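Enquirer: Letter by letter, the chains look like this.
Protein chains: 2
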Amino acid sequence: MAQLNHETTTGDVLSAYLQGQATEFLRSLRLHRESTTDAQGAEESLEAARALRRAARRIGGTLHTFRPLLDQEWAAGLRPELAWLSGTLAREHAYAARLVRLLDALHRLSGAPAVPAPVTAGAVAGGAVAGGGRNAGRNGWAAPRGADDQGSAPRGLTVGAAKAAALLERQLTLARTRAHSAALQAFGSSRFHAVADNVAVLASEVPLSRAADDLKLLAAGAEEELANAVAALPLGQAGHPYNAEALTHGLAADADAAPEAQDVPWLKTRDLLRLHRYAREVLTGCPGDDPRLADASRALDRHRDAADAASAAASAARTPRIAPATAYALGVLHADQRHEVEAARFAFHQAWLREPEAVSTP
Amino acid sequence: MAQLNHETTTGDVLSAYLQGQATEFLRSLRLHRESTTDAQGAEESLEAARALRRAARRIGGTLHTFRPLLDQEWAAGLRPELAWLSGTLAREHAYAARLVRLLDALHRLSGAPAVPAPVTAGAVAGGAVAGGGRNAGRNGWAAPRGADDQGSAPRGLTVGAAKAAALLERQLTLARTRAHSAALQAFGSSRFHAVADNVAVLASEVPLSRAADDLKLLAAGAEEELANAVAALPLGQAGHPYNAEALTHGLAADADAAPEAQDVPWLKTRDLLRLHRYAREVLTGCPGDDPRLADASRALDRHRDAADAASAAASAARTPRIAPATAYALGVLHADQRHEVEAARFAFHQAWLREPEAVSTP
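Those protein sequence lines, which keep their order, are chains A and B.
If you're matching positions, the first sequence starts at 3 in our numbering and goes up one per residue.
If you're matching positions, the second sequence starts at 3 in our numbering and goes up one per residue.
Rather than coming from a laboratory, the hints here were simulated on the basis of the structure.
Nothing here was measured: the structure is a model prediction, and the numbers come from that model.
Mixed in with the good hints there might be a few duds.
[Stated by the list, open to error] FRET-style restraints, in silico, Cβ to Cβ:
hint	chain 1	residue 1	chain 2	residue 2	range
1	A	Glu357	B	Arg56	22 to 30 Å
2	A	Asp303	B	Asn245	55 to 63 Å
3	B	Arg356	A	Leu237	24 to 32 Å
4	B	Arg323	A	Ser183	23 to 31 Å
5	A	His242	B	Ala18	41 to 49 Å
6	A	Ala222	B	Arg356	40 to 48 Å
7	A	Ala78	B	Leu355	55 to 63 Å
8	A	His242	B	Leu186	37 to 45 Å
[Stated by the list, open to error] Here are a few chain B residues that sit away from chain A, every Cβ distance over 10 Å (derived from the structure):
hint	residue
9	Thr12
10	Ala77
11	Leu108
12	Ala296
For glycine and all other residues, C-beta sits at the position ideal for the given N, C-alpha and C.
All chains, full assembly: derive it from the sequences and hints.
Expert: Here it is, written out as structure tokens:
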């Protein structure tokens, strides 16, 4: 369906990028299939799932940013399917990583020896599609596993931290196991096979449109959207250390909604920064990132992870019949993670204000 | 007992300062006596008690720093008595201020409208020797006043914040009332009258020694002690925003000891900064402060206040039979105040690294 004339270069650049990512998608998928049939392949399976999500995000982002250059109907149909796939695959990993983040924080807050690294790594690896739930109970806490009791408030708050850890582990392991089942189901679904077929088409021939839009112009559009989103952020406040903004409303009546409302523009900026980075990759033809953008991106990842972890702690505190010491520890943990959110905003501010590097196009 | 010869200037400068502070002490004491017999004099009583403490601290600090220039036995006897007096007077104010700080924080964390200013001011004023406990229950919270119950965990955490506020108010109002009684008892004691008599002696004639030590040399000694204390602080870490150090060990087994251990060098620095500032006042003969030192001093005051407030929240969380939602709110509050501690260390770092102003001596 692609009939190129004077736009040969534009079409070639876009096609090369999309074909590269589609090939990477198919390679990861093959690796993932091989590793999940192998009982020892947890690590490989994790890596393959990560690479699969990475390629799916890049293809989806490119279909969006450069949509005028592509077959509209085809691109509009594939993009949400790619988002569904990477979202489904991401969930299990997110629950595993959230648990590790919260347990690490509880150890830090308790002055307890840190979780041994191999066990932590194992817990995350175990969470990756290959073996959800297998590492439950191996986080180094000698915590009671039964229902939290209503006894008198313990004097030693470490009891509270241990009980909070056990409660979070139960809840997040359950969520991870469910996400694992959902991911396995997704891989076996006809919906997934349709996505894989579409990506296979992409690997051989990119369905370009006849439009003569400029690649750089479209990339500049993505950059402008990002700039607008950043302009709407309270950056001045974020650049003032210890502004205590992220915890404001942390005890508000609607505990889920209140702190998350202020997170929305930051999460939106994270999405737009990704689109901008992928558009830069299309232009430059190489995956290397501007260090400034990489730092900004890492800060927004940290923002998202800490905000989700803070929500998980608040949500665990609403479990009926928990002991006061458990609730206290979860309160400290929630506040700790909201301060991580604030620290991430500060880090984003620092990265963003650095001098941007010029985009070098081939 | 003072026989001055070639050290006339040194003796004159020291005497002038001590006589000025002694006169201020006696004036404040008179004002305080007048205001406490007047039922409407709460505000005046507060101000008088503050001025009394201020003068007592300065006399005590000066007796310490310039002790070789003074009658040793007399100075060594008076100094702990002044510390006892200002400590006794400070306690009631500290409990009132701590309650206001914690209630303000709970309001901020709940996204509730702030405590109306006049009530807040009244609550503090009411705490000042004149009328401890009178303003209890006027903090704007429609909180349950009875014993915290063991019911099922409330969904809305604002319930937890309100219960935490009520609990803190009960505990800190009780402590304030006790401190008020102790202060009243102190004012009527023979121990207090002996202090007042000694300060009256000081106002008319300062008991100097025959030593020929140099005023500037002794002041430099105080400055050096401060510099050594600051050098022992983890300033590099404090200057790195969001280092999360102040909350480390916040959930440690011995909840009182753990975070307070890291506060000790900061509190010691606060004491030594005061001695340095008072020594500068003696040298310059005027109460005006170097803005840098004033900022550093304010940061260390904030450090002390936030650390004490965090301890009060942790201590309230160990009350038997509190509801989980109350404990959760106290956990968030504890972490919030420990981050205030961290913010205060950052502020001290910023103030301290500014270029110091030269001391101008007359």
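Enquirer: So which of those numbered hints doesn't the model satisfy?
Expert: Violated hints (numbers, rising): 1, 2, 4 and 11; every other hint is consistent with the structure.
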